[in-house]
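**Q** Each chain, letter by letter, is given below.
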Amino acid sequence: MKNSKYLLSLLLLGAGILKSNAQTESQIFPITTVPIPKEIALEVGGMTFLPNDELAVATRRGEVWIITNPYMKNGEQPKYRLFAHGMHEVLGLNYIKGDIYLTQRAELTRLRDLDGDGQADEYRTMYCWPLSGNYHEYAYGPMLDKDSNMVVTLNLGWIGFGESMSKWHGWMLKFNQDFTMKPFATGLRSPAAFALNSNGDIFYAENQGDWVGSGSITHVEQGDFLGNPAGLIWADQPGSPVKLRKKDIPDTGEPKYDVAKRVPGLKSPSVWIPHSIMGNSTSGILSYSDNGNMGPFKGQLFVGDQAQSKISRVFLEKVKGVYQGMVFPFREGFSSGILRMNWGSDGSMLVGMTSRGWSSTGKEEYGLQRLTWSGIMPFEVQTVKAQPDGFELEFTMPVDEKTARNAGSYKLSTFTYKYHHIYGSPVINQSPRSIKAIVISADHKRVRLVLDSLKQGYIHEIRTQGLRSESGNIPLLHNYGYYTLNEIPDGEKVVASPENKPTGSTQAANPAQGMDHHHMGNTTAGGSKITGSTAAGKHLTKQPESWKNGPDKTILLGTKPGLKFDITNLILKAGAKVKLTFANTDDMLHNFVLTTPGSGNAVGEMVMKMGLDGEKYSFVPNSTKVLAHTALLQPGKSDTIYFTVPKTPGIYPFICSYPGHYMVMKGQIKVLK
Amino acid sequence: MLRSYLMFDGKKHTHVISVGSPAKVNYSYDLKQGALLQLWRGQFLDVTEMWKDRGEPQLAKPLGTVLPLSAAPAIAALTDQHAVWPDSISFDELQNKGYVLDKSKMPTFLYSSNGADISDKIAVQSSGSGIDRTISISNSKGPVYCRIAAAQTIDALKDNTYLIGNKAYTIKVSAQTKAFIRKTKNGQELLAPLANGTDSLTYSLIW
Numbered sequence: 002m003k004n005s006k007y008l009l010s011l012l013l014l015g016a017g018i019l020k021s022n023a024q025t026e027s028q029i030f031p032i033t034t035v036p037i038p039k040e041i042a043l044e045v046g047g048m049t050f051l052p053n054d055e056l057a058v059a060t061r062r063g064e065v066w067i068i069t070n071p072y073m074k075n076g077e078q079p080k081y082r083l084f085a086h087g088m089h090e091v092l093g094l095n096y097i098k099g100d101i102y103l104t105q106r107a108e109l110t111r112l113r114d115l116d117g118d119g120q121a122d123e124y125r126t127m128y129c130w131p132l133s134g135n136y137h138e139y140a141y142g143p144m145l146d147k148d149s150n151m152v153v154t155l156n157l158g159w160i161g162f163g164e165s166m167s168k169w170h171g172w173m174l175k176f177n178q179d180f181t182m183k184p185f186a187t188g189l190r191s192p193a194a195f196a197l198n199s200n201g202d203i204f205y206a207e208n209q210g211d212w213v214g215s216g217s218i219t220h221v222e223q224g225d226f227l228g229n230p231a232g233l234i235w236a237d238q239p240g241s242p243v244k245l246r247k248k249d250i251p252d253t254g255e256p257k258y259d260v261a262k263r264v265p266g267l268k269s270p271s272v273w274i275p276h277s278i279m280g281n282s283t284s285g286i287l288s289y290s291d292n293g294n295m296g297p298f299k300g301q302l303f304v305g306d307q308a309q310s311k312i313s314r315v316f317l318e319k320v321k322g323v324y325q326g327m328v329f330p331f332r333e334g335f336s337s338g339i340l341r342m343n344w345g346s347d348g349s350m351l352v353g354m355t356s357r358g359w360s361s362t363g364k365e366e367y368g369l370q371r372l373t374w375s376g377i378m379p380f381e382v383q384t385v386k387a388q389p390d391g392f393e394l395e396f397t398m399p400v401d402e403k404t405a406r407n408a409g410s411y412k413l414s415t416f417t418y419k420y421h422h423i424y425g426s427p428v429i430n431q432s433p434r435s436i437k438a439i440v441i442s443a444d445h446k447r448v449r450l451v452l453d454s455l456k457q458g459y460i461h462e463i464r465t466q467g468l469r470s471e472s473g474n475i476p477l478l479h480n481y482g483y484y485t486l487n488e489i490p491d492g493e494k495v496v497a498s499p500e501n502k503p504t505g506s507t508q509a510a511n512p513a514q515g516m517d518h519h520h521m522g523n524t525t526a527g528g529s530k531i532t533g534s535t536a537a538g539k540h541l542t543k544q545p546e547s548w549k550n551g552p553d554k555t556i557l558l559g560t561k562p563g564l565k566f567d568i569t570n571l572i573l574k575a576g577a578k579v580k581l582t583f584a585n586t587d588d589m590l591h592n593f594v595l596t597t598p599g600s601g602n603a604v605g606e607m608v609m610k611m612g613l614d615g616e617k618y619s620f621v622p623n624s625t626k627v628l629a630h631t632a633l634l635q636p637g638k639s640d641t642i643y644f645t646v647p648k649t650p651g652i653y654p655f656i657c658s659y660p661g662h663y664m665v666m667k668g669q670i671k672v673l674k
Numbered sequence: 311m312l313r314s315y316l317m318f319d320g321k322k323h324t325h326v327i328s329v330g331s332p333a334k335v336n337y338s339y340d341l342k343q344g345a346l347l348q349l350w351r352g353q354f355l356d357v358t359e360m361w362k363d364r365g366e367p368q369l370a371k372p373l374g375t376v377l378p379l380s381a382a383p384a385i386a387a388l389t390d391q392h393a394v395w396p397d398s399i400s401f402d403e404l405q406n407k408g409y410v411l412d413k414s415k416m417p418t419f420l421y422s423s424n425g426a427d428i429s430d431k432i433a434v435q436s437s438g439s440g441i442d443r444t445i446s447i448s449n450s451k452g453p454v455y456c457r458i459a460a461a462q463t464i465d466a467l468k469d470n471t472y473l474i475g476n477k478a479y480t481i482k483v484s485a486q487t488k489a490f491i492r493k494t495k496n497g498q499e500l501l502a503p504l505a506n507g508t509d510s511l512t513y514s515l516i517w
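Chains as they are written, first to last, in this note's numbering: chain A, 2 to 674; chain B, 311 to 517.
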């Protein structure tokens, strides 16, 4: 991974694309790997610091390890000792009021070392909930809320769709100091993380799935229904503060914001985290409190992503009593799937990871890394605040007036997702926005963009590729982000005048082609946008009439849990006529894409550059490297295609080209003469 | 020691802990029933179906031939000593309190049901011949019973010893335990009463 990035940088330098003054993530926010002894499978499920600055880590294998000196101070290696073991997939760990608490599948547990030998000998069940026996019934937490209640969330089971097969799955629960349980909110699907923001309000991270068009973070209040109706089956139980019932929830595919307007109690996300671009599986949330030292972003939230091994940054503001805000890229390139983040005593961020069963961009099965800030000021959009007629961008350092004044430096568009029982959603109702006026503050640290119109309830993509800093003329470290506009603030609108008239014109965004380039941080070539395949010949769903004698070979391909095809090696005769049925029995979206020899990874990487409209094209890029493919399949669906095996013998890879899956979900066809 | 889902008698049990020992005697225990499900000798568990990929079945599998016991609760309040033994306790009628480990890392399970606090200590005999189980109750509001064994046939031998099933295993109760055999629809049961307030009983299971 490191070597290939290094090589890529060299190539870019050679091509003169990478300007020497451009900042890089790794220069400003270095990552250090905390070594893990070979015999320990540190599949991080939960992390917490203990008062003596030791780091306790709970694992999916049910262990709790205590790590001394994870900072590797004085050049010394960290030390690991086993504190507890034998629990059932621990996915949350927290040191609260002098004790270690955790959640395992069945319960909220307190661990104590009664005899002082350094190992837990009391595993106290504080609260136990039922389980149906489904693997997807995970539990997360606890976290202390601002009133000293413990907060826990329970995942829905998965049976081809999300289902609450045992009590309180799909719910956020609160426990008072006597461990009396109060159901707090439902509509959760896969609530792997939650945290308090600087005001003490609860935000939870949701993962794309059924009824969830894209990942997001949402402010949770008592009685909220957050979107997936499965948990509503318990809404009539004693203690439930949720008024909605399953029958109240329409399944129309309209935007969630619109449905929420007429279904009181349904809540739309505070900030959408656009799927496949900003991440695939929203995980840990860490509030940038005074405990952190991560650059000029205090008060914001850091949000991890398991599949893409990266961390986003979220600026929140409250408009008309409702949270909304902007998600920016922050740091990519972690070693495994990020699940947990904690502040170390020195302000560095400890990042705990696991990818087993859910592939991640970082190739390791698990890992522990430490993110630090070098002290170099990144040139970033620090905040974006909604205005009555547009947005105000605040920068970490003054912007160059000429580029800031130029409408061509920006590109804005709006879109949203469908709210329906189907897994995920394409990007819908996409349209470009144009800039009517640009007001630059006297100190050049704020730029107000006045738009032709704002679209309430929509995600506003804000690209700032042309901006440069006043000093050093450097480009932004990250030049795009997504603002979820739940409310439009009242206030004075800007009157167009010669002083605020933009130079140039807004970059044309063609909705038919969707967004243009998506820079994947600093490490991917900035170049051209990859468009989707429209070649019908690569997706034949009817037997060609010329196949008088039918197919020579019929193949039934399925999935195995953990992003795998059930067949990974096929041998076929050159020129053979093949009928292939791909049945997706997994709980995620998948497809089948056959590529030219040696092109499996290349095609997978192209998909990462397809941007917002990737799903519209089943994540199949328009490329000669793609020979045949199925549609993108919902869980439980199948697609039958017809193709002719190439005439040239060789090894032809096939992949699932869904963003990020190609690295593990792959196989090959050996073509023989 | 490992908590998992576990198949027993054709049913998936979700609140199960299995415990191994240096003597290579292992057992599984249903925490939601206070039930000693099974014993086996040899290696502990195959956890492939828990720890490989997503671990979809989440099932731990004993690595040995198990001696199946019962999924029914060990303790029940019976209206009289002829009342039928319950198959199970409903979820909310048994409150788990967790477990504590002794010096040799063997757990004592703690729970309350029928208003009584119960501790259930299962210790593997160092010889590897079987286990010693001590069930203690406190704060009980009425008489409760412990079902020590259920089988087609139970034969009382001398010295407070019982032969269970077709010589599947033997039970030896302590001298002060007022154990009795009773007939049921399906065979026989070995029961012992536990007095109001505070009481305990100990038995050994040898196989």
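Hints listed in this document are in silico derivations from the structure and should not be mistaken for laboratory results.
Worth double-checking, as some hints may not be accurate.
[Stated by the list, open to error] Covered stretches of chain A, as calculated for chain B (at least 3 residues, CB under 8 Å):
1. 100-110
2. 131-141
3. 183-191
4. 410-420
5. 651-658
Keep in mind that this is a model prediction, so the values were computed, not measured.
Think of the CB as a built atom: it goes at the ideal place given N, C-alpha and C, for glycine as much as any other residue.
**Q** All hints are to be evaluated individually against the structure, with a verdict given for each.
**A** Hints and how they fare:
Note: the stretch 100-110 of chain A has 5 residues with beta-carbon separation from chain B under 8 Å; the three-residue rule is met and the coverage holds. Counting residues of the stretch 131-141 of chain A whose beta carbon lies closer than 8 Å to any beta carbon of chain B gives 5, which reaches the threshold of three, so the coverage claim holds. Coverage of a stretch by a chain is defined here by at least three residues with a beta carbon nearer than 8 Å to that chain's beta carbons; for the stretch 183-191 of chain A and chain B the count is 0, and the condition is violated. Check result for the stretch 410-420 of chain A against chain B: violated, 0 residues qualifying (beta carbon to beta carbon below 8 Å, three or more required).
Judged by the Cβ-Cβ criterion of 8 Å, the stretch 651-658 of chain A is not covered by chain B as claimed, because only 0 of its residues qualify and three are needed.
When each numbered hint is compared with the structure, violations occur for hints 3, 4 and 5.
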